[in-house]
Structures are given as structure tokens and as C-alpha cells.
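A.B. asks: The residues making up each chain are set out below.
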Amino acid sequence: MPNKKVEIDAPDWCKGCGICIYRCPVDVLELKEGKIAITKPDNCIGCEMCELICPDFVLKVVEK
Amino acid sequence: MPNKKVEIDAPDWCKGCGICIYRCPVDVLELKEGKIAITKPDNCIGCEMCELICPDFVLKVVEK
Amino acid sequence: MDRYEIRLSGAGGQGAILAGIILADAITKADKFNVAQTQSYGPEARGGASKAEVIVSEKVIAYPKVTKADFLLALTDSALKKYLPDLKKTGSLLIDEEVFIQDKDLLPKEVIKIPIFKIARDQVGKIITANMVALGAMTALFDFIDKGEIEKVIAKRVPTDTVELNLEAFSAGYRFIVE
Amino acid sequence: MDRYEIRLSGAGGQGAILAGIILADAITKADKFNVAQTQSYGPEARGGASKAEVIVSEKVIAYPKVTKADFLLALTDSALKKYLPDLKKTGSLLIDEEVFIQDKDLLPKEVIKIPIFKIARDQVGKIITANMVALGAMTALFDFIDKGEIEKVIAKRVPTDTVELNLEAFSAGYRFIVE
Amino acid sequence: MANPDINKYYRRNKLPHIWCPGCGHGIITGAIVRAIDQAGLDQDKTVVISGIGCSGRAPGYLKFDTLHTTHGRALAFATGVKMANPELNLIVITGDGDGAAIGGNHLIHACRRNINITTVMYNNSIYGMTSGQFSPTTPTGSLATTAPYGNIDTQFDVSNLAMAAGATYVGRSTSYHVRELIDLITNGIKHQGFSFIEAVTHCHTQFGRKNDLGGPMEMMEWQKENYIPVKAWAKLSAAEKEVKKTRGLLKEEEREEYTDKYLALIKQVQAGEEKNG
Amino acid sequence: MANPDINKYYRRNKLPHIWCPGCGHGIITGAIVRAIDQAGLDQDKTVVISGIGCSGRAPGYLKFDTLHTTHGRALAFATGVKMANPELNLIVITGDGDGAAIGGNHLIHACRRNINITTVMYNNSIYGMTSGQFSPTTPTGSLATTAPYGNIDTQFDVSNLAMAAGATYVGRSTSYHVRELIDLITNGIKHQGFSFIEAVTHCHTQFGRKNDLGGPMEMMEWQKENYIPVKAWAKLSAAEKEVKKTRGLLKEEEREEYTDKYLALIKQVQAGEEKNG
Amino acid sequence: MKTEKVLLQGNEAVVEGALLAGVRFFAGYPITPSSEIAEGFSRRLPLVGGKFIQMEDELGAMAATIGGSLAGLKSITATSGPGFSLKQENLGFGIMIEAPCVVVNVSRTGPSTGLPTSPSQGDIMQTRWGTHGDHPAVVLAPSTVSNTVDLTIKAFNFSEMLRTPVILMLDEVVGHMRENVLLPAADAIEIIDRKRPDGNKANFKPYEVKGHDHVPPMPDYGQGYHYHTTGLYHDETGFPRGKSEDAEKLMLRLMHKVDYYRDEITLVEKKYLSDAKIAVLAYGSVARSAESAVEMARNNGIKVGFMQIKTVWPFPEKEVAELAQKVDKIIVPELNYGQYVREVTRAAGGMAEVIPLNRFAGQLISPATIKEMIEEED
Amino acid sequence: MKTEKVLLQGNEAVVEGALLAGVRFFAGYPITPSSEIAEGFSRRLPLVGGKFIQMEDELGAMAATIGGSLAGLKSITATSGPGFSLKQENLGFGIMIEAPCVVVNVSRTGPSTGLPTSPSQGDIMQTRWGTHGDHPAVVLAPSTVSNTVDLTIKAFNFSEMLRTPVILMLDEVVGHMRENVLLPAADAIEIIDRKRPDGNKANFKPYEVKGHDHVPPMPDYGQGYHYHTTGLYHDETGFPRGKSEDAEKLMLRLMHKVDYYRDEITLVEKKYLSDAKIAVLAYGSVARSAESAVEMARNNGIKVGFMQIKTVWPFPEKEVAELAQKVDKIIVPELNYGQYVREVTRAAGGMAEVIPLNRFAGQLISPATIKEMIEEED
Ligand SMILES: Cc1ncc(C[n+]2csc(CCOP(=O)(O)OP(=O)(O)O)c2C)c(N)n1
Ligand SMILES: Cc1ncc(C[n+]2csc(CCOP(=O)(O)OP(=O)(O)O)c2C)c(N)n1
Ligand code: SF4
Ligand code: SF4
Ligand code: SF4
Ligand code: SF4
Ligand code: SF4
Ligand code: SF4
Ligand SMILES: [Mg+2]
Ligand SMILES: [Mg+2]
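Protein chains in written order, with our numbering: chain A, 67 to 130; chain B, 67 to 130; chain C, 139 to 317; chain D, 139 to 317; chain E, 26 to 302; chain F, 26 to 302; chain G, 2 to 379; chain H, 2 to 379.
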């Protein structure tokens, strides 16, 4: 995998459902006051699952 | 088979399509001036095909 | 000609309607008169009676249906029975010579009896062409249509492989009147 | 009482509508006043704002909607902002003590601020019972309804396994006013 | 098989019927009558419902409570009747246009519910009543008044569709194979659940004439050649399978019937109510 | 897979969408966008059409020519668009109510015609938009606002129906199996003919809550357990097969596409006309 | 029987009224703002041994409802504008074959999907003319939850008495609002059941009229009458003959039966009319605002009267004509672009000025708005 | 271009007129007495590169027709009463989203299946009020085969000009009769095409009006405008916001665009009115009988005039009011139980007596019948 990392593309759209956290294979994301936050970016393996599964198009996994 | 024979039950309804003749396994029926006629009753083996196939409910095969 | 009302009637499948359409089409092509053609639809059209009406007029045709016919073609007993009352006394009736006339009182001045079915059967060889025999006779009787025009329309309106037969029947009917 | 117009408002999911229905039902059961209850439907009902209206009157209620409210419950900043202009100057406003008042000029004579959400969260233990806390407070404020009646209706209208919790919240709200 | 009493099922004063001489619709109608008789239905408790089309005219000739509804909706009406009074035996008569074009949705949902209605589709591959427009079962390439250059639509296998939609009894036969047809309908009626019988038939007037297929006899001969018993069909070569079609019982399966389920539901909730009340 | 340009397919000023937090409809919509991108469709030449329902709101968020039609009729509108301009790529978004209840007839006929439209059914087993009435795909026994004592209707397998009706490409996956879903939609789009993709999803708000199935996560876990790749499913015991459902590519077949056929017909009759004229 | 006051939603009131009237079959398809009716029936019907079915679409729902009626049950369906449009063909069939049943339209703002949760009276002309061809229409429009109960019972009664589908038009306001109501005791209400034939099955003619009311008795399916029914024009035997005479006779009968019962089914409320120079004429939810506006204006000394039309179709020709004779001006407030006012204008025949007052975009009309117009016109 | 006289059936005239107007898409479902229209298009369209599709039902046919229009083609569908009832929901959608197209209703005798091959004008009110909710309606009714050609062309022109579905109501008489007609030369007819936007795609608002006529330009699908369309009330951007303001604005625009073009689209023929004390007002096939009755009566010295309404909706308020002012009596013969006469009565507003003359059972009205009534009323 190229060096990809998750990014919050549209923070306002996040509805805090937590699905991205549930599907992330490692420990990267956390909800902070009902909105998604990238708390451990280094853990991110760039697998893109969070981007694909977020129902609100909030996250993007981009080359860093 | 019991001794059954064809009979013209409702001669007026006959539209002369000839389907009964076509499906009769022996030589019993004939069209006379566009209407069905039993010309060789003795040949009838009482198989009932003519009754079942007549689209106009003209024929009955009955015990004689 | 102010308004001339023609009715063609018979049993379903005898082709009275086709004859009516051909007549109307030929009048159209000749472009001297206006024409309105209507016909029976509905349950009658299957099995039962069948009818076409053709109104011919120099003027605009307002009401498109026969009110009182000037001309009636009746190919069957029952068609005659049904439509004779609506034929003008001063009108013309064309029937097969074998058709049974129930109510002689109603007959108009002019009654033309010709062996329509016999001609179709014996001369043309196909009883189904009776409508064209009748159309031929009508063409000969009417002064407002042209034989050639009708023939052209027949050639266009009947199935390609029956054109010849139909034209033959038409001519036979035509000849029966003029000869 | 001729006509008393109550509006309960908040965000979708806060239960303002259920509170309105319970209020109307209790008034019905007491059978002293007529009551008409309506509510917002539509896109608002999902996610956005949410609103119930209850009209109470001795007479027949003709127009069933609030024209100018006598009483407003607003559970959120935006509900307050939206509905404050339609509150009578002589009316009453019930809000959570933390709700932000943008337009102070519009405030009516009587403004009751109570820690609705705090009570729900800290005393009852479920923030979702805020609507019952508010309803309890309203019951204490209104002289035309009976606490016992409302409690009976709550028991009937909320899911069986949450009756106790809701009654607790209701009492807490009630007590906050009377005590 | 012949029942001297068979005449009692006809409204004899409405006959002869309006169908063309030799039309297969009469053969199928006769088959339905015999099936009703064989299955031993109570004439008083049997309702025959149709949509619109040549086929839709059949109930008018049959002496039951009969209903000639709107185009495509017979099954929806029948569903209402059956739900309201599950004791009634419901026979629905439909055409390939009526049942597979405009009425397709009601067909698949009746199959899904497995409501105890026996549906006989008079499949003549054409809109007969309206003079020969193509239907969903018109073979690709055939001529029709709305397919003057040959039909480009794909032909529906309606029996197949009914099976996928959940019908628990499906059979197909033809106006040629009238004995088989009678048996299929009889068993369809006896079946507790939704049964669908596709009665393939000939419309020489509209379909045959336009496609040079001859009269009733020629068209029935064609059926004889091309509809093969299911088992025999299975043994055909792949190429032959492309051309030939199956006939016979295509599916028979047990699944709880819809009105039975509803009656059980009523019992259950009434019992619950008693307990509570 | 992630395309930095993926945002260009969204109407970002219309977001966030109206769907409930965690609603699977967003996941499926994202999958469609990625599939359109992967399939390389020209954004200008792509039309997205829906019916009515929560699912019906999806096109409003997508930056194409988009049409939000009447309940159940999206495929009929799309058929008109595609016939009128076969160069356009048609994506139809429908719900289980929209596409399998009221829209069932258009679905089966689009399948039959094999017209090149890609249909994605957001199957959440409930009428979401109207607050939780049961749909044709609601499991038997489940609770719904119109099934307060448990649903007695049989659940439709819509993919199975689409196959029987003649769809030439059919796939099923879930909001959990989003990668597979993207691939199925991508290949459905590329497929020349009618493609149907059943996107099984969760509606925790209406279906989940009434049936105590938990939130989005619990419902997705359930999908994970119960939807099995076709091949693996085939190896399950009969008892297991009763419970578990298949996912993956269910059918792929070549058959001439409808608008291609019509264009060929035009050519043919125009050539004939020239000869004659 | 419970007769205490209950808090009921208008949609729930339809369910309660229907149960009181003896309904035993509901077939429907959900749609906002009518879905609570379906939901209510799904819960209540099995408890009384009745049947509920959710059909695949509204076309099927209308068909099944008629089927239920033919099988002998009092039957009902409910929908809103888009579904009501879909029901039109089968509704016409029901009118043609004379199948008693009740069709509820809880109307929302159209056309098309419109504003699904906003009130409207935009379907009022559609209830009269929505299906193709000539036909009679009987349509009731309640204004309160309480008269929703009453009018639902009446809808069933009229439908059974006349052997025709009756449309109950609630607007969204009435459908969704809750009010305190006193449900009538079951034994206190008049229930009308369809006439059934006398049991003589030989030569039974299903459309033969025995009495003066032009309404033929109707057997239930399964009673052994073996009768035929069709949407084609038919004669007394129920069979089509394709004849104009039959069509004429049947159409006249369909119209005349409604004429015959006209006085009985025409429900019109009049108030404050004796000295009025202006009148406000309204139906449905708007009647509430209208009535209160009239009262407000009267308090201000304006001689204004009020007429509420509960039976909107057949059009109350006589009552409106009388009104037009009496007053100078008739104000017709409606939640639409101006529909029923056309009929009022026609019936007024120039005798009074008829003034429309319209809101057509999902808003209600408040008493104040109507009062203003009364004042302007005074 | 051929301009010789041809014998054409009314239904064929629709096909010819549509082809002259540039139609390129037909979607339909067969039904008597309209099927010849579908059949004609199935034969003719591929010859000009157009498309024909037979849909699974009329609901689908209406939907596909609108789809064809959105894709940029002039589109048409044809049906009769039962099918017209089924099209109502999607017809309302077409009006709401402003999709130009032509819907032909060759009407037969209803209600329900009725008399499928008999003529009727029983759907005339349905063409105005058949779909739910407020909406404008533009409906043309030819009386001869020749003006069927003309009005079909006009139907397309009006529909493109106004961006709205236009209904062409032939009755069975006109649909099935054949007459000699002179087809107009293609270069002799005026063809109107929808306004298309100017190519500026950034921030394109599909429902923004630029001119005075309230009609927004309309792009074809595939031109890159990426615009959204919905049957919900929407604002200029095409998106719904659930707001009354938007609904009000949109409904007003839908109505005002028809008002704006009112004079252009109102086709009314007047004859013999200058000295008339009685007038006969008719539309469709009945206009033929009426005209000839008027001529017959004039020949007998009766001062009677004639008005033919070709644009039946929007109702020609002004023309009818003027007529009512001028004459004492207006006779309205119709092939129905008395529908359009209600509107005439309304518009006459008491200024003239309006007298209905109705045949509603599949019979025509003959000139003699109308003449008799003229004589009676003279
Ligand atoms: C709503 C509606 N649409 C169309 C029609 C016209 N119509 C009557 S019968 C028919 C088709 C009949 O075909 P099928 O069902 O195959 O019956 P068949 O006549 O072949 O037995 C059609 C299209 C109608 N009566 N009603
Ligand atoms: C003709 C018509 N009938 C009914 C409705 C009401 N309605 C809107 S959405 C819907 C069901 C939606 O369910 P589904 O298609 O499964 O979509 P979901 O909301 O679950 O995504 C219904 C019944 C309508 N809008 N139009
Ligand atoms: S890209 Fe993969 S690893 Fe990184 S946050 Fe997303 S799901 Fe987790
Ligand atoms: S999945 Fe999306 S909406 Fe849900 S919490 Fe994560 S970022 Fe937010
Ligand atoms: S019963 Fe059999 S043998 Fe006798 S006539 Fe009929 S078909 Fe022929
Ligand atoms: S099959 Fe029947 S209708 Fe045909 S010829 Fe024989 S008896 Fe007559
Ligand atoms: S048209 Fe065809 S289906 Fe209809 S009666 Fe004639 S042969 Fe039979
Ligand atoms: S109701 Fe269900 S389908 Fe609709 S948005 Fe909410 S979760 Fe999604
Ligand atoms: Mg057929
Ligand atoms: Mg759903």
C-alpha cells in the first residue's frame, strides 16, 4: 500500500454514528463531542475502509 | 371404457371450426354446411377427446 | 352535389368496411368532393353485422354519419332488415339477388339486384371478393367517382398477393352494370 | 378559560411532541376543557426542529393552531429563536436555564428558567427524560390540569419498561417548581 | 371424466360465446369447468374473476358468482374477496396481456403471499381483444400491429416468473394437451396455496394470421411439436432446449397459505386480548 | 481506489443529507459514486433516477442530471430516457417498497427487455420514509407499524425475481460488505444490458428499533454473519441454507440489449425504405 | 360500550368511526398523511375478527376493497393525493358495478409529491371528476375529529344505502390533529346495511330495482346467486349487450339513486344567516377558521352568516342557491387555488357575488384572515 | 413534401400531425379506440430515426413519455379513458416538473370499461381535474380530421412553449372517422421548440425564469447541466426545501405561465354571432353537428350563432362571458351527462340562460336534435 492516511474532509457532516470506528481495523479514530476525530493518526494503515463505510462522506484517505 | 358415444348437445353453438374432427382418433364426425354432424356414430370409441377439445361446448360423450 | 350518404353493410368478414374505405380514398384522390367515412366497431365487428358509411359532398361535411341514406349496399338479409328503414325513398338500394326482402314497403324507387355472390364465386372463384364485386357495381352506378382512381386505390389497399384477384372482382361487378 | 395556547418546541427526538400529546390526553381525561393538539410533521420531524401545539378552551375550539401563544416551552436555542416572536407579551416562557436568549426584547412578562437538562441528567440519570421534566414543571405551573391525571396518562403512553423513569423525571420537574 | 351434469356450470343462455370459431379460449374454459367439477368445488362457494381481454369474457359464460374487472387487476380483486371470505374458492382467469403486462405486479405479489387462488392464464402470445398488439409473451421476431417490423422484446416465461415470485403450484400445458391441462387445473385448485396454470393457446385471428401460422389446427400441431413433458425436455440437447418448451407440473411445494395465516393471527390476538382484558 | 476527485460527484452544498445518523443509505450512495467513478462513466452523460422513499432522496446529493420521480416508477421514467437517448448512462436508485412493492411491474419488465440500466435497490426491509410499515422484503414475523402482531407476508427474494424476469446481471451485497458492493455496481454498470444490484442495508430507526435489533453496528454485524458468498453458501447444510442468504455475483449473462436492438431496427427499416423509395 | 371522552387523532377517528359502523375489511397502501389509518386498522381489525391487508400498490388496494365488499364485508381503504390518483380507474369500476365501500383521502398539498405533510383541499374537484366518464360522486368532508367519527359512520351508511363508493375527504389538518371526543355508544348510532336480495335465486337479476330508490339489492358472494358483474355497461341481468339503451338506463339509474337520497345525504350546517348580508361558505378544516371568523366579525357588529358544507358532492345546489338569494356576497375560503368556489359561483348564478379566498401552498387560513376579508367586503 | 389530399383517420392524423411537429418518441399501451395511434407510430417513427416503445402499462407509458421529453425529444403518448385514469399521477408529475409532452385521450363511453367503441365526451372534466392537487391544464379538442392535424401540431407547440404536458382530447368519432385532408407542407407550418439554456452551466438554476413568460429554459439530459428535478415543491434550483414560500411561488408561476400565453393558446371559433339571440356552444365532434344545426336553423330564419371551443382548458372565460352578454340563451350540446355546461353556466354568470343538451350513452347528437332545441328555445 502506498502511504495513505485518513483525513477529515467534511467535519460538519459527521453525525457521530461511530461506524468508521467500528470498521477501522486499527485504533485511529474516536468520537469527540459527537464528532469524529483522528486521535492516533500514526496507527492508520490507509486501508480506506472508513472512507468507504462512512454514511456521511466525511472521511477521505489520501496520500501523505 | 364403458360404452360411450358422442352426441351433439348444442348444435347451434357449433362454429364449424373442425377441431373435433382433427382430434378424433377415428372417423366419426364431419362438417355439413358448416355445422358438425355425426356421420359414422358406430366408429366412435367414446374417448371424449371431441368433447374436451370443442371450443364451443357443442359435443357430449355419453353412455349409450 | 350537396350531400350524398352511402351505407355499405354486411356480415363481419365480408369486407363492407374495406370497400367503404376504398371508396372514400378514391374520392379523396380525385379531389373533387369532400368525404367522411365511418364504420361500426365494437362487439358487432366480431362475428356480427358490419357497416361502413361514406358521406360525399361538395361542401364541408359537418355531421359525419348517415342520417338518411341515399344509397344502401346490403350484403345479407339481416343487414337489409336493419338498414332499409333509414334509406331515403328516393334513394338507391344495391343487393345481392338472393337477399331476402322482408319489408317490401320500405323499398326505395331504385332497387338494383345483381348476383354479387354468384359472380364472386363463379366468375372470380373466391366468394370473399364479393365486396369488390359490389364496389365495382357501385362505381358503375355513381357518377362522381372514376373507375381508374378506384382501381389504383384497390391496388394500394389490399394485400399485395390479392391485388389481381380483387381487381378482377371489381371489374366483374363494374361490367355487370355497364354491360 | 376561554382559549389558552401552548406551544412545546425542541429538537427532533427530544420528545416535545409526546409531552404535548400527554398534556392533551390528560386534559381530555379530566373532561373540564376542550383540547386540540397538533404537531409538526415533515422534513423538520427528522433531525430538525420539532413542535407540538395544545389549545385548551372551555368553548369549542375553532382554529386548532396557535395564533399567538400564551405559553412556550423551548428546549433549544433555535426553537426559542423561532417561536419567541409568536409568544404573547403577557404570556409565559419555560426554558432550560442554559438556553441562549438572542432577542431579549421579545421576552414576555413571565420567564421561567429551570435546569431541565441538568435535572434529567443528574437527578433522573437519563437526559432523554428532559421532556418529562419540562412536563412536570408545566403541570405545576398550570392551574387547569391535575398532576394525578397526567401521571396516569404517562403510564399509558410511554413504553412499559420506561414508565418508572418517566414518572420520576416528571416528579422531579414538578417538584422543582412547587418546592 | 365426462360428467352428464357438466352443463350446470355454464350459463347456457349466454352461449354461443363471442370468441372466433376455433379459438382456444373455449377449450381452456371447458377445461376449467371440468377441473372445477373434478376438484369437487361447491358451485355456490366458487367465484370466478377475470380482467379485460378476450380471455376476460370467460366468466360471463360460467355459472358462478363471476366478476369481470378492470384490465390487469383481477388478482387484486380476488385477493380482497378471498381475504374477506376465505371459505370461497377463487378462480382467476387472465390473459398474457392482462396478467403479465399491466397486471404483472399483482401476479408476483399474489405468488409471494401464497394466497389460495387458482389463476389460469390464457396465453395466446398476443393482445387478442384489441386486435393484435404484441404482448410480453409474443416471441421475439414475430409480427404484431405494434411490431410491424418484428418484435424486439424478449418473451416472458410467465411460469418461471411465477415460480420465482413464490407460487407454490405451477403448471403449464396447451390447448392441444387438453387432458393434461384439466389435470393441472384440477390439482391447482386442490392445492392449498397460490396456483398458477399457464394455458398456452392459439389466437389464429390475431397472432396466427399476422405470422402465417395457419388456423387453429396448424397452431395446435405446433404446440404438440414444441411443448415437451418436463422430464423428456430435460433430456433434450442444448440446441433443442432453446426451441422447445416444457409442459406439465413445474412446481409443487407446501407453504402456509395466506388466509390461514391471517385466521391464525386473529385467533392469537383475540386470545391475547382475552387474557389481557 | 480512493479518488481525490470523488468529491466532484457530490452536490456538496446539499450535504449533510437528511438520512438518520448511521443510516446505510449513505454507505450505498457512496458505493454508487465510487462505482460510477471506477466504471469511468462520463459525468455529463450519466443520469440518476429514483422513486420515492428515503432511498429516493439519494439523487439529490449527486452531481449528475438527476430525477426524483413518483413512487415506484423510476424504471419507467428511466426507460423513456434511455430509449430517447441511448448514449446516456442510466442509474436507477430504488427502495424495497419503491421497487418491489408499487414498482414491481416496471422492475420485471425492465429485466425482461434487458435495457441497459443499472438499478440499485436499497433494501432495508421496511418503508423507511413513511415510518416503518412492512415491505415485501420484511422478514416474516417481524414487527412493523402495519404488522403490530408480526408480519405474516412472505419475504421477497428480489434478486431471484429479477433473474427469473430476465435481468442479465444480478448481484447482491450489503452495507457491511461495501467493497464487494462497489465492485458489483461497477460491473453492473459496465455490463451491457439490465443490471440489478440488491444492496441489503439497515434501517435502525424504523426496522431495527421496532424489532430490537440494535443500532447500525449491530445490524451490520448481523449482515456479516448471515450473508454468505455464493460458493460458500452452496456448501452449507440444508438447515443453514434456510437461514443464511447469498451475496456476490448471482447472474451474468449476455443477451442483446434493448436499445441496441431498436437502433438496429431503425437501420434496417431505413435501409428498406431507401431500397423501396 | 365506552362513552367517556378520549383524545383521538382525526385519522384514528376514521378507524373508530368505521369500527362503530361495522367495518370488517381494510386494504391499503401506506402514504403520508393517511398512514395512521392503515396502522390503526392493522391493530384493531383482527381483534374483532376483521381483516387487514397491505397491498402492493393503491390500484390493488382499491381493487381489493371492492372485492371485500362483494364478499359481503363493509370495506374501506385510505390514501392521500398520489394514491388517490392511482385509485381512479378502479374507483370508477366500483361506482359502475355499485360496490359499497369507503375511500378515505387525507389530502396533502399537490400536485405530484408536492408538500407531503402540509394540508390542502386541492383534491376537492378530483373527488368529483377524477375517474373517466360520467358518474355520480358522494363525498363527505369533516372539519373536526368529532365529526370525523360521525361522518365516517355516515359514509358507510350512505355507501350501503346507495350501493356506491363514498369518499371521505379529510385534509391533513383534520387527519393529524388530536381532539377530545365523546365516542357515541354503539347502541346509540344508526347503522344502515345494504339491502340483500330475498333469497329467490331462480332468474335472479342483480341489477333489477324493486323499490323506488333505484338501488338494487346486493347478494354476498357465496350465497348461491351466481350472478355476473362487469365494468361494461350492462342490463338488469348484469350482462353487457353493447347497447345504448342499456347504457342510458344504467347511467340514469346511477344518477337518480343519488338524486333520490339527495336530501338525506346532503349535510349542510347553517349559522347566523337570518339577518346576514354576507356569508362565509367553507368545508373541511377551513370551516373551523371560517366559523370563528364569522363569530369574531359578528362580535364587531357585522351581519355575516356561515354555511358549512359537509357533503361536498353531490353539490348542494339548492342550499347554495338559497344562500345566494339571501345574501349579497359569499366568501369561499379554501386551501387551494380556487376550486369549489367555481361551483359556488355557478350555483349562485349571478344572484350573489362570490369571492374566493385561497391559500394553496400548504398554509392554513386563519380566522383573522377571513375576518379581514369579511370586514373588507362589509 | 407531399401536399396532395389524403384520406386519413383521426387517429392517423395525430400521427401525421405529430411527425410534422417533430415528434421523435412515443411510449404507450394499446387501448381501443386509440390503438391506431400506437400502431401508426410503431410503423412511422423508426423511419425517421424516432423511437417507439410499448410499455407494460399506462402508468409506465406516461412515465416513459416524460422521460423521453427530459432526454430532449418531443414525446407523445395516447390512450383512452381507463388508461387516462391510470396516467393521472404521472401526468401531475409532468405538470409539476414542467415536462413538455402531448397526451392523447381518444375518449370512449365511461365510466369504467363502459362502451369501449362508442363515442363520448365524458372525460372533459377529468382532463381538467383528474390529477390531485392544484395544477394548470391545457387541453385541445379537434372536431375534424383536418383540424386534428392542426391541433396536434399546436399541442406540441403549446407544450414546448409553455413547458407543460398538453392533452389532446379526441372523441371516438373524430379518432375513428376518415376524411380527406390536405396535409400542410412541412415548411409551411410554424414549429415551436422549447427554450434551451444558454450554455452557462456554472450555478445553473433549472427553474429560474429569464423572460416575462414565466417559462424557464430547459436543457436536455446529457448536456452537462447536472440539474435536479423533483415532484416535490422546489425552488429555482430545482431542490425541495419544504417551504410554503417556495410552493406558493412555484404554483403561481405554473398558473401564470398559462395566463401569460392565454390569448395565444385560446382557440375559439365564432360564427353567425353578430345578430344572434341564441348561441350554440360546442367542442369536439359535437361541434360538427352544432354548426350544421345552426346553419339549418339560420336557413329557417332563426338568429342563432355558433361558438366552437377548440381549447377547452384553460376555460375561455372572456369569450364565454362576452357571448353571454351578447345572447339570451346558450345551448351546450355535449356527449355526456352535462359537464362542460357547468363551466359555461359559471362563466355566463346569470347573463344568459345556459341550456344543456346531453347524450351520455354512446350515441351521437345529430344536427336535427340540436336544431329542434334551437327552434324550441327561439
Ligand atoms: C387500463 C386499460 N388499458 C388497456 C385496455 C385495452 N385492452 C383491453 S384487452 C387488452 C389486451 C388483452 O390481451 P390479453 O390479456 O392477452 O387477452 P386476450 O384478448 O389475448 O385474451 C387491452 C390492452 C383496457 N381495457 N384497460
Ligand atoms: C403513490 C404513492 N403511494 C405511497 C406513497 C408513500 N410512500 C412514500 S415512500 C414510501 C415507501 C418507501 O419505502 P422504500 O421504497 O422501501 O424506501 P425507504 O424509505 O425504505 O428507503 C411510501 C409508501 C407515495 N409517495 N406515493
Ligand atoms: S484508512 Fe483504514 S486504518 Fe486508516 S482510519 Fe480508515 S479504516 Fe482506519
Ligand atoms: S462514519 Fe462518518 S458520520 Fe459516522 S462517525 Fe464516522 S465520520 Fe462521523
Ligand atoms: S368420443 Fe372420441 S371417438 Fe367418439 S367422436 Fe369423440 S373424439 Fe371421436
Ligand atoms: S369443435 Fe365444436 S365448434 Fe368446432 S366443429 Fe367441432 S363441434 Fe363444431
Ligand atoms: S381474437 Fe384471438 S383470442 Fe380473441 S376470440 Fe379471436 S381467436 Fe380468440
Ligand atoms: S428512516 Fe431508516 S432508511 Fe430512512 S434515513 Fe432513517 S435509518 Fe435511513
Ligand atoms: Mg392474449
Ligand atoms: Mg425500504
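Be aware that a few hints might be false.
[Said to hold, decoys possible] Once the Cα atoms are required to be at most 27 Å apart in a straight line, the calculated BS3-like pairs of lysine-lysine come out as:
1. G:LYS211 <-> G:LYS272
2. B:LYS101 <-> C:LYS242
3. F:LYS256 <-> F:LYS235
4. D:LYS206 <-> D:LYS227
5. F:LYS249 <-> E:LYS286
6. D:LYS290 <-> G:LYS278
7. E:LYS39 <-> G:LYS211
8. A:LYS101 <-> A:LYS130
9. C:LYS285 <-> H:LYS304
10. C:LYS197 <-> C:LYS219
11. C:LYS290 <-> E:LYS235
12. G:LYS211 <-> C:LYS220
13. F:LYS235 <-> F:LYS260
14. F:LYS270 <-> A:LYS98
15. G:LYS278 <-> G:LYS319
I should point out that these hints are in silico values taken from the structure, not numbers from a laboratory.
A.B. asks: Taking the hints in turn, state whether each one holds.
C.D. replies: To see whether the hints hold, each was checked on the structure:
1. G:LYS211 <-> G:LYS272: It is violated: about 39 Å lies between the C-alpha atoms, which goes past 27 Å.
2. B:LYS101 <-> C:LYS242: violated (32 Å)
3. F:LYS256 <-> F:LYS235: Not OK: F:LYS256 and F:LYS235 at ~33 Å, beyond 27 Å, violated.
4. D:LYS206 <-> D:LYS227: holds (10 Å)
5. F:LYS249 <-> E:LYS286: This hinted pair is violated, its Cα atoms lying about 31 Å apart.
6. D:LYS290 <-> G:LYS278: Violated: D:LYS290 and G:LYS278 sit about 50 Å apart, past 27 Å.
7. E:LYS39 <-> G:LYS211: holds (24 Å)
8. A:LYS101 <-> A:LYS130: With Cα atoms ~23 Å apart, A:LYS101 and A:LYS130 stay inside 27 Å; holds.
9. C:LYS285 <-> H:LYS304: Status violated; Cα separation ~44 Å.
10. C:LYS197 <-> C:LYS219: violated (31 Å)
11. C:LYS290 <-> E:LYS235: This hinted pair holds, its Cα atoms lying about 25 Å apart.
12. G:LYS211 <-> C:LYS220: Given pair G:LYS211, C:LYS220 is violated - Cα atoms ~34 Å apart, limit 27 Å.
13. F:LYS235 <-> F:LYS260: Violated: F:LYS235 and F:LYS260 sit about 33 Å apart, past 27 Å.
14. F:LYS270 <-> A:LYS98: With Cα atoms ~37 Å apart, F:LYS270 and A:LYS98 exceed 27 Å; violated.
15. G:LYS278 <-> G:LYS319: holds (18 Å)
In this structure, the earlier hints numbered 1, 2, 3, 5, 6, 9, 10, 12, 13 and 14 are contradicted, and the remaining ones agree with it.
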